[in-house]
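From first to last, the protein sequence lines stand for chains A and B.
In this text, residue positions in the first sequence follow the numbering used here: the first is 1, and each later residue adds one.
In this text, residue positions in the second sequence follow the numbering used here: the first is 1001, and each later residue adds one.
What the hints contain is simulated information worked out from the structure, not anything from laboratory work.
Accuracy of the hints is not assured; some may be wrong.
Stated by the list, open to error - Straight-line alpha carbon distances no greater than 27 Å define the calculated DSSO-like cross-link-like pairs of lysine-lysine that follow:
| id | chain 1 | residue 1 | chain 2 | residue 2 |
| --- | --- | --- | --- | --- |
| 1 | A | Lys177 | A | Lys67 |
| 2 | B | Lys1254 | A | Lys263 |
| 3 | B | Lys1104 | A | Lys186 |
| 4 | B | Lys1232 | A | Lys321 |
| 5 | B | Lys1050 | B | Lys1197 |
| 6 | A | Lys16 | A | Lys67 |
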Amino acid sequence: MANVLIFAEHQDGKLKKTALELASKAAELATGIGGQAEAAVIGGSEGLAKELAPYGIKKVYLLASPKLDKYNTLGFVKALADLIQETKPEIVLASASPAAKDFFPRLAARLNTGLASDVVEMKIDADKKLIATHPVYSGKALVDMKIPNSLPQIAMIRPNSFGTAAPQEGASAEVVKKDTDPGELKAEMKDLVKGATGKIDLTEAEIIVSGGRAMKEAANFKILQDLADVIGASVGASRAAVDSGYAPHDMQVGQTGKVVNPKLYLAFGISGAIQHLAGMRTSKVIVAVNKDAEAPIFQKADYGIVGDLFEVVPLLTQEFKRVLSE
Amino acid sequence: MKIAVLVKQVPDTETKIKTKADGSGIEMEGVKFIVGPYDEFAIEEAIKTKEKNAGSEVTVVSLGPTRVVEAMRTALAMGCDKAIHIDDEGQNPDSYVIAKALAKVIADGGFEIVFTGKQAIDLDNSQVTQQVAEFLGWPQVMILEKIEVGGGKAMATRRVSGGAKEVYEVPLPAIFGCEKGLNTPRYASLPGIMKAKSKPIETKKLSELKGDAQAKVVYSNYRMPPEKAPGKMLSGDAATQVKELVRLLREEAKVI
């Protein structure tokens, strides 16, 4: 059978939301090539299989090894490569997470096949092959990628590109438990420094509140954080703000920072330099607040307010607090 | 210590990108090229590693048309010792083929540590570094934020999501994909620029290095992304605009 296999990631005992998006899309593609959608979970519990079934996954492989309770590049490559060589899926999908971006290129090389990174659209063509659309130059242009002569065809999708299908209650999935041999790990993880708990990475965030040079100083990001807390957002920054030392680099949105894809992007005091726009242009809805009515960001915004962010942000926080508590 | 740094020459981040009318690629005429921004951190780390380990040598390697020599001259001016240019012979290799060729150069050169940028900012695939590591059978650390090299191994910190970090002990040889923040790349000094002119650049051919590797990915239909329809500018005093914005986000855009 021509199956689609997803790499389903979990965190703190729960599937990541991106895994459900991946499952939904895999089920749709599997129909297109006449197979079924399956999932590989590394180091997870059986409960995770139940979470995947309503989104169209028919079979879940739980790959277990005492050496893989922590992430390891070579260990994850071998675990997945062994499964793929055994089950021979046509298509393998991951969400473009920090882990997948680390080991999927290596997985593709080991299997002597191709990989499409950071995909925003997918379809099956007349040859029943995957056509994966990939933004280049940080989204300033798009290109179609096809892997015509080798299997599996592998793609990593940009989080929030497809959304999650409505769950089919009562659906079930077959669970196959496998002990996996991760082989020689070579690099050994000595320490894992946790980030803030519950903090969602910008690349996976559904709502982002971002500040630019007009934030004036690092301490002022507090007002963006207050707004973010009310609407469940992650906080980002422009390169100008990062280069001025107002925010750390892992908050930078843009061509030399993170490329983000939220459903709502709120830009405060960001002029909209080309390299910033490149990093957030696929956001579904863009709001810009800037003192300068001529700022290029307004050309990309769905809603614009010409005004002082230090006046607008606290009002916005208050108004959201009011309507969301109703 | 034999150190290599892999560099890609890419269009400047401020470049307006235009696709060719027939969708076969990007219009390269008039484009200003720079050393990949993340590769600059790799060059700096390679030179720092050389400075800390007496008797070391840094070789900069770049694949592409003749113009990439310019990017390697920049690296030589910063302090690399020699360069290897892999002439792409007008082919359009994919990540797989590029990684095969680079792995061959690294294996032949007997390098013990290799630095690269975490990604090139043109095709944005971020695949080549990991695939070079795979073809060499080496460990890799991507999104490198901190590294200490000594005693045949490295302690390397990698940044992951949400501010979390992973710290690895890695035996050498190994390859490292560098992230912004790892260091502050030095500027080339005037004497450095003068010296770079006489540093050796060896040219090798892609066709001879890649062996029988074939491209796995076919690229087609390069196009500009769809333009957004013009948005709404709100009016009134700040409080009125904020109320209207919240209403629109909830009732029209339905995103909150």
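Verification of the hints:
| no. | hint | verdict |
| --- | --- | --- |
| 1 | Lys177/A with Lys67/A | holds, 16 Å |
| 2 | Lys1254/B with Lys263/A | holds, 10 Å |
| 3 | Lys1104/B with Lys186/A | holds, 21 Å |
| 4 | Lys1232/B with Lys321/A | holds, 24 Å |
| 5 | Lys1050/B with Lys1197/B | holds, 20 Å |
| 6 | Lys16/A with Lys67/A | holds, 22 Å |
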